[in-house]
Structure formats: structure tokens, C-alpha cells
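Kindly generate the complete structure, drawing on both the sequences and the hints.
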Amino acid sequence: MNTPADMQIPKPQVVKAEVEDPFAAAMAGQDVRGRSLWVDAWHRLLKNKAAVISGIIMFIMLLLVIAGPLVSPWEGDFTDWDNTASPPNFETGHWFGTDAVGRDILVRTLEGGRISLLVGLVATLVSLAIGVTYGAVAGYYGGFTDRIMMRLVDIIYALPFMFFVILLMVVFGRHIVLIFVAIGAVNWLDMARIVRGQTLGLKNTEFVEAARACGVDHKAIIRRHIIPNLLGVVMVYVTLTIPQVILVESFLSFLGLGVQEPMSSWGALVNDGAQDMESAPWTLVFPATFLTVTLYCFNYIGDGMRDALDPKDRA
Amino acid sequence: MNQEGILRHSATRLLGLIPTLLVLITIAFFLIRMAPGGPFDSEKLLPPEIRANLDAKYHLDEPLVQQYFRYLGQIITLDFGPSFQYKDWTVNELIARGFPVSLTVGGLAMLLAFFVGTSIGIIAALRQNTAVDYSVMGIAMLGISIPNFVVAPLLILVLAVYQGWLPAGGWDWSIPRMVLPVVTLALPVIAYIARLTRGSMIEVLHSNYIRTARAKGLPGYLVIGRHALKPALLPVISFMGPATAGLITGSVVIERIYSIPGLGSYFVQGALNRDYTLVMGVVIFYGVVIILLNFIVDLLYAWMNPKIRYDEVQ
Numbered sequence: 000m001n002t003p004a005d006m007q008i009p010k011p012q013v014v015k016a017e018v019e020d021p022f023a024a025a026m027a028g029q030d031v032r033g034r035s036l037w038v039d040a041w042h043r044l045l046k047n048k049a050a051v052i053s054g055i056i057m058f059i060m061l062l063l064v065i066a067g068p069l070v071s072p073w074e075g076d077f078t079d080w081d082n083t084a085s086p087p088n089f090e091t092g093h094w095f096g097t098d099a100v101g102r103d104i105l106v107r108t109l110e111g112g113r114i115s116l117l118v119g120l121v122a123t124l125v126s127l128a129i130g131v132t133y134g135a136v137a138g139y140y141g142g143f144t145d146r147i148m149m150r151l152v153d154i155i156y157a158l159p160f161m162f163f164v165i166l167l168m169v170v171f172g173r174h175i176v177l178i179f180v181a182i183g184a185v186n187w188l189d190m191a192r193i194v195r196g197q198t199l200g201l202k203n204t205e206f207v208e209a210a211r212a213c214g215v216d217h218k219a220i221i222r223r224h225i226i227p228n229l230l231g232v233v234m235v236y237v238t239l240t241i242p243q244v245i246l247v248e249s250f251l252s253f254l255g256l257g258v259q260e261p262m263s264s265w266g267a268l269v270n271d272g273a274q275d276m277e278s279a280p281w282t283l284v285f286p287a288t289f290l291t292v293t294l295y296c297f298n299y300i301g302d303g304m305r306d307a308l309d310p311k312d313r314a
Numbered sequence: 000m001n002q003e004g005i006l007r008h009s010a011t012r013l014l015g016l017i018p019t020l021l022v023l024i025t026i027a028f029f030l031i032r033m034a035p036g037g038p039f040d041s042e043k044l045l046p047p048e049i050r051a052n053l054d055a056k057y058h059l060d061e062p063l064v065q066q067y068f069r070y071l072g073q074i075i076t077l078d079f080g081p082s083f084q085y086k087d088w089t090v091n092e093l094i095a096r097g098f099p100v101s102l103t104v105g106g107l108a109m110l111l112a113f114f115v116g117t118s119i120g121i122i123a124a125l126r127q128n129t130a131v132d133y134s135v136m137g138i139a140m141l142g143i144s145i146p147n148f149v150v151a152p153l154l155i156l157v158l159a160v161y162q163g164w165l166p167a168g169g170w171d172w173s174i175p176r177m178v179l180p181v182v183t184l185a186l187p188v189i190a191y192i193a194r195l196t197r198g199s200m201i202e203v204l205h206s207n208y209i210r211t212a213r214a215k216g217l218p219g220y221l222v223i224g225r226h227a228l229k230p231a232l233l234p235v236i237s238f239m240g241p242a243t244a245g246l247i248t249g250s251v252v253i254e255r256i257y258s259i260p261g262l263g264s265y266f267v268q269g270a271l272n273r274d275y276t277l278v279m280g281v282v283i284f285y286g287v288v289i290i291l292l293n294f295i296v297d298l299l300y301a302w303m304n305p306k307i308r309y310d311e312v313q
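These protein sequence lines are chains A and B, in that order. As numbered in numbering that gives the first Met the number 0, the first sequence has no gaps in its residue numbers, which increase by one up to the final residue, 314. As numbered in numbering that gives the first Met the number 0, the second sequence has no gaps in its residue numbers, which increase by one up to the final residue, 313.
You may find that some hints are simply not true.
In the SDA-like style, the derived pairs of lysine to any residue whose C-alpha atoms are separated by at most 20 Å in a straight line are [stated by the list, open to error]:
{"id": "1", "chain 1": "A", "residue 1": "Lys46", "chain 2": "B", "residue 2": "Ala130"}
{"id": "2", "chain 1": "A", "residue 1": "Lys48", "chain 2": "B", "residue 2": "Ile138"}
{"id": "3", "chain 1": "B", "residue 1": "Lys56", "chain 2": "B", "residue 2": "Tyr67"}
{"id": "4", "chain 1": "A", "residue 1": "Lys46", "chain 2": "B", "residue 2": "Gly137"}
Honestly, the hints are just simulated from the structure, not real lab data. Nothing here was measured: the structure is a model prediction, and the numbers come from that model.
In C-alpha cells:
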């Protein structure tokens, strides 16, 4: 794997891992229990302070976004004509202020967060499904199939993909399901490449050979033996894909091509806020902060997961 | 490196461009044609005869497949046709007008990102696991996480509206008007390059030949400048391809926020107004730019990395 992402390898964890070597523990006469890859990775992740804090913040963010609009006294599309474009004010109950038509910024930010996070998750799942299937099939069958399939990926890779998302949105209208599909459909290439590389390594292992000797058919081998063993790497890339996808959606919404009123997303809110920022900067600052904090945290969690799960680190 | 090997490799790669371009053109062509509405829909309802004449003039009345092959024949002569939206302009003229602007902003942003990013990365690597390192990398992560359409309004608000130091937007080829767009566009790339440089520099600094260089008493700046820098920059070089694509994408937003008359703003306008020829022209043009840049980056990488040999038999 020679993607640039794999080359940024700050790995102070290697030294610590040696300290916890089970053999060293056994020599010290302690009770030794086998640790799976996952337990191991989990412990390493917990030691990464930035990732843990980010995880906690994201959990709180998720709770806020889900529960916030339910308990808030305001509706997202309610226009409070007594308080239009009012700055943050605790007495009127508009903690984050209101926009030009008197809608509560706090509720709109939280509701926008629902859409942004939902798009992040669903579009990532779409790209995950396409990428993992594609990569696993190409890597497993190899040879001619592989060459054709990966050549196609190379070709699509060279296309200015954001332009295609814009075209897709223009063509198919701005329905939310299409946003999921459009973003997911152009984001699976990295996943396919990584999965293919891993599959190439996996398909010659003894357990796959054993399965083949037992007469398991190709589909079942891919499904039962190849894909489960890819999960670690895939999870890392899922975490790193989510912020990218949220970013793409907010980018589209910012251009006016994303979700439409009365629905809203962080990108759309930032766009609205940017229009009024001179007279009402709070309409820009709050959604922008929520969006940035979310992206920041996801990036740290992804980094932490990579350090914890990437096989290169245990070498 | 073997000259003939490079030539042969380049020739193969350039031939490989053709299917890529064909796929690009085909997808873009049929995608934009699937969009509901046409280039003449937005204005007031035209009498059917005039409408028919217009369609006939632009060959829009022919079957789609016939139009597709007509278009292919046309762009082989590098003629992207007339724009539907900008009357009296050909797409070639629009690209010739918009691209220099986009290129200036993008090129300056790339230069800025390369020098600032690598410097920051090297500093962080030399101070690995110190407060300097952590704060620099924390800021770099912020640079990656804050979308440029958030940075841009904030910069305008603080530097242009509140302080009045710089103009808030517009374009007249003067340096003050370039500062904000270039910086905004460069920020995420600076952050990526800094992270890449730091990671690879740390690896290089742990290698034996660097220890040897230090052991023989070479001063620190020479160890870095003469021995460590080149291998440490390899991942940055290979990142230049994706970075360029990112800059082009980013320019769509930047050009809109700062009201810059570049190609990105033409593209969005064209897509919204069903300006078929303009959209196709920009997509194909940028596709070629990205592909060619990736090709150049490949060659540069091979030139810098002694491990790569194109003349080897596979």
C-alpha cells in the first residue's frame, strides 16, 4: 500500500506495546490471558487521549442532536416575529440567537446536525458496501477480472469527482436519498483499493485454502472468511470516510445543491449564516462551530483507530 | 534512470489517457443530458417554431446517440462549441478567460502550501513529542477539519469587515485581492502536507544513514538538507496529484465566496442553467488537467526515488 495516508505514521505506541507483551508478563509470573486483536486494539485506542476525548464529545454531540430538538421549546421552522435576527439571549430563550426570519439557531443547528450526521453515516455505509464487495471480488478472483476491475477504478479515480456529484445533484434533484447515494457512489474507490490489497494477501492463507479444500464455494469464502478478516482496516477507513462525507454534503449544501428547506444541514446553515454574517455573525458562528468540532473529533478518532488497528504498527 | 525506460513508460501512460478521457466524456455527456429541462427552458416561453429552430441550430433535435458522436467528432478538433448561457461566447473563450484566474489562485495556493507545509512538518518532526509538535499538529488537524467555506466567511468577517485590512472579494489581478482566496485555499493543503512531512521525516530520521551522517559530525542543517529532505518529501510529491484535484474542487467554493470569475464559478452556473457545452467543456478540461498533473507527479516521483525503475521487466 503506497497511498499517502499510509505513510504518515507517528507511532510512539510501539514502545508501549512491548511493555505489555504477554510473554514478558508470563515471565513475571502473572496470570496471562489470551488477547484477541480487538481487545488489544481497544486497549491501545483507550490510551490515545485525543481519540478518547473526541469519542466522548461525539457521544455528547449525538445525544444533543437527537434529544435537543425534542426538549427545546422552539420548533425548527417556527418564526418568532418578536425576535428576528436577535443576538444570543437567555431571556427570550434563544440561546444561540435567531436568524433573519426569527427561527431559533440552536434548534436549527441541532436539526441540521441530524441530517449532517445521518448523511455521514448512510453515505459511508453505501460506499462501504460497494467498496468492500468490489475490492474483495477483484482481489479474490485476481488475474484478468482483477485487472479489468482495477483499471476501471483507476479511470474513475482520474475524474474530477466533485463535479460529478454536482452533476448528479443537478440531474436527479435534491432528494435526500439521492444525496446519500450520490456521495456514497463516488466515495468507494479508496475502500475498494484498500480491500483489494488486503484480500490479495488473505486469499493465500491456510484457512482460506482449507475452506477451499472443504469445498466451500467462492461466494461463501468471500463472505465468511475474507470479509470478516478485513474488518479492522475497513473500520479505520470508515471512521476516516465519515468526516469526508459530512464535508462533501455540507459543501453541496453550501453551494445550494444539498438538502432543501425546511430541512437543513450544517452546510446549509453555514451558507445562510455567511449571507448575514455582517449583521448577525451568530448565525454563522454556531453552525460552523458544530460542524468543525464534529469533523475535528472524527478525524482524531480515525487517527486513533488507525494507530490501534493498522497492522503496520504491530510490526 | 534509463532514458528509454522513461520514454516507453510515458508513452504507455499517455496512451492510457485515451480510455480515461472517453469514459469521462461519456459519463458527463449522458449525465447532463439526463437532467430535466434544457438550456432554453429558463427564459420566457418561446414560440414552438423558434424553439424548433433553436434546437435544430444546436442539433438538440437529433437522437442523443447521434449528438454524442457529433460531440466526440467536434472535441477531437479541440472545439467545445458555443456556450448556451453566455450568448456570443464559445466555451473555448470562456475557459481561456476563466482558467488563468483559477490557475493563478490555485498555483499560488499550491506554492504557499508546499513551502509552509513542509517547513511546519520538519519543525514538528525535529521536535517530536514536545509541546511544539503537539500544538503544531493540533493546529494542522484543525486545518484539515475546518471546511474552507467556513474559513472564508470568518476571514472576510475579521480581516475585511472588522479590520478593513484586505478587500472582501472581487478580482482585479492585484495582490491584496489575492491574499484571502489564496490563503483560504492553501490552509487544508498546508495541514495535509505538514502531517505527511512530519510522519515521513520522523521515519527517515530514524534510519541508519542519518545516524551515520550525524556520527561523522555533519551539522544538523546539512543532515536535514542534504540527506533527510529528499526521501522525506517523497510522500508529499505523491500527494501533489490528489492535492491538485482538491484545490480545483475547493476553487469552486472559493471563487463563489470571493466573487472570483474563475472556471469553478462558470461550472456551477453552467450546471444550474443546463449549459451543456460549458459544463462538458469545464469537466473535460479539468479532467485533462488532473490526469496530466498526476502523470507529471509520477515522473517527478520516479526521478526523486531511486528505488523506482521503469525499465524493469515485470
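These are the hints, each one checked on the structure:
| no. | hint | verdict |
| --- | --- | --- |
| 1 | A:Lys46 <-> B:Ala130 | holds (18 Å) |
| 2 | A:Lys48 <-> B:Ile138 | holds (16 Å) |
| 3 | B:Lys56 <-> B:Tyr67 | holds (16 Å) |
| 4 | A:Lys46 <-> B:Gly137 | holds (18 Å) |
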